[in-house]
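Assemble chain B onto chain A, guided by the hints.
Just so you know, the sequences run in chain order A and B.
Under my numbering, the first residue of the first sequence is numbered 1, with each subsequent residue one higher.
Under my numbering, the first residue of the second sequence is numbered 1, with each subsequent residue one higher.
Below, simulated SDA-like cross-link-like pairs (lysine to any residue); rule was C-alpha separation at most 20 Å, straight line: (1) B:Lys44 to A:Glu143; (2) B:Lys44 to A:Gly240; (3) A:Lys230 to A:Ala248; (4) B:Lys44 to A:Glu233; (5) A:Lys230 to A:Ala256.
Pair ranges (Cβ atoms, derived): (6) A:Gly66 to B:Val73: 32 to 42 Å; (7) B:His82 to A:His89: 34 to 44 Å; (8) B:Ala83 to A:Gly66: 46 to 56 Å; (9) A:His159 to B:His82: 14 to 24 Å; (10) B:Ala83 to A:Val70: 41 to 51 Å; (11) A:Gly142 to B:Asp49: 24 to 34 Å; (12) B:Asp49 to A:Ala56: 45 to 55 Å; (13) A:Asp72 to B:Ala83: 46 to 56 Å.
Okay, the calculated bits of chain A under chain B, using three or more residues with CB under 8 Å as the criterion: (14) 12–26; (15) 163–175.
Calculated directly from the structure, the hints in this document are not laboratory data.
Cβ atoms here follow ideal geometry from the backbone N, Cα and C, with glycine treated the same way.
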Amino acid sequence: MSGPSLSPLRRNARLMGTIASVHVYDDLDDGQVDDAVSDALAELERLEQMFSTFRADSVISQVNRGELNVLDAPHEVIEVLDACTWLEHASNGAFSARREDGSIDPAGFVKGWACERGAARLAASGLSNFMFTIGGDLMVHGEPAPGQLWTVAIADPLHPDVVTRSIEIADGAVATSGTSERGNHIRLVSATDNRSNSDNESQLLSFTVVGPSLTWADAFATAAFAMGHKGLEWVAQFVGYEAIAIDANGGVTTTAGFTHSSV
Amino acid sequence: MVNTRWGPVQVQAGLTPDRVVCDVSALQTPNSHNRSVRINNYAKPILHDRVLSAGNARINGVSGATITSRGYVASLQYILDHA
Chain A
1 MSGPSLSPLR RNARLMGTIA SVHVYDDLDD GQVDDAVSDA LAELERLEQM
51 FSTFRADSVI SQVNRGELNV LDAPHEVIEV LDACTWLEHA SNGAFSARRE
101 DGSIDPAGFV KGWACERGAA RLAASGLSNF MFTIGGDLMV HGEPAPGQLW
151 TVAIADPLHP DVVTRSIEIA DGAVATSGTS ERGNHIRLVS ATDNRSNSDN
201 ESQLLSFTVV GPSLTWADAF ATAAFAMGHK GLEWVAQFVG YEAIAIDANG
251 GVTTTAGFTH SSV
Chain B
1 MVNTRWGPVQ VQAGLTPDRV VCDVSALQTP NSHNRSVRIN NYAKPILHDR
51 VLSAGNARIN GVSGATITSR GYVASLQYIL DHA
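Isolated chain B, as found in the complex:
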């Protein structure tokens, strides 16, 4: 549980056998009402600060400096597209 300016945020982390954090997700955000959560996160996106491995984490997309179509096959987005 992490206290933030906007209220408590409970986060869940997955660990690999060698105790590397492999998944981080928020379980509870300051507002429980769905619409409030949406508006809250719209203005206050949550930044997670731990190492994730693309293979394990619940990641929907990747933002990074533009990759060329040649570089795409080595990108994290490629992993998500072909998982």
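The following block holds chain A by itself, in its conformation from the complex:
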């Protein structure tokens, strides 16, 4: 129906241990787009500097060494820790930003939250049609071509070079949590979580959440992955959020709100 998308202006940056990609489809002066993207990436570098547990001079590291009281931390840190506390309660402990030794590590929350802030910076700079992604979590805004939805592939956890599923969305966020490369912010609620309850339910390999906010899509994906199959029902209680789970047998389960389409 519509022609091929115009090639977007694309920028990459190394951030938060992975790669950020920004694709801008606006028909604007390249310099204006570049300035807007630079501004958004600089904001993310500032946030990484604040939250990284790998940097001794980050605010989180200072708090963990007892040199700074959380109440005296920048408002961004208080906002994130407040949200992490809520999520820990809402997920019955499946998500936690607290380590067993009492120190804090909000890394499992910060990436999606920061990516959403980066996308908001682009919009504030006057961009209308763009994708902002960091390490497999993404936000889209506007449209890639007039009248077109965004097509987002869901990486197959078993065959990462083949896309077996894709979704189409308008403005919004997609985040996936999986078995690979996750930090210790995933804490299984009990030894039986995310395991087979019967022979018909195999262990989940990846859990994708779609919704209006990347902060919450990412947070819900992280918590729900730790819950296993019952994570679908948990995500469905949040208005506007839908989920797709892929298990070790290649089986796909979704929340009821998905429109399925096949050829």
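Same frame as chain A, but now just chain B:
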């Protein structure tokens, strides 16, 4: 044409010479009014269930478990970033 709870959805599929599906896109969704389509898809994202090859499909982005910066060059997002 696929009938869903929300109305008919017409999809288009591209085939490679050996009849492997390489591109799937929705041509018609239950609402034709642009704003309705947006709201509809906001709440009801469409899930396509067929094999796509990253080289051919009209894919704007990739969602997957976090990749490290080292693993990025082997990722589908890398292909999209450098196509």
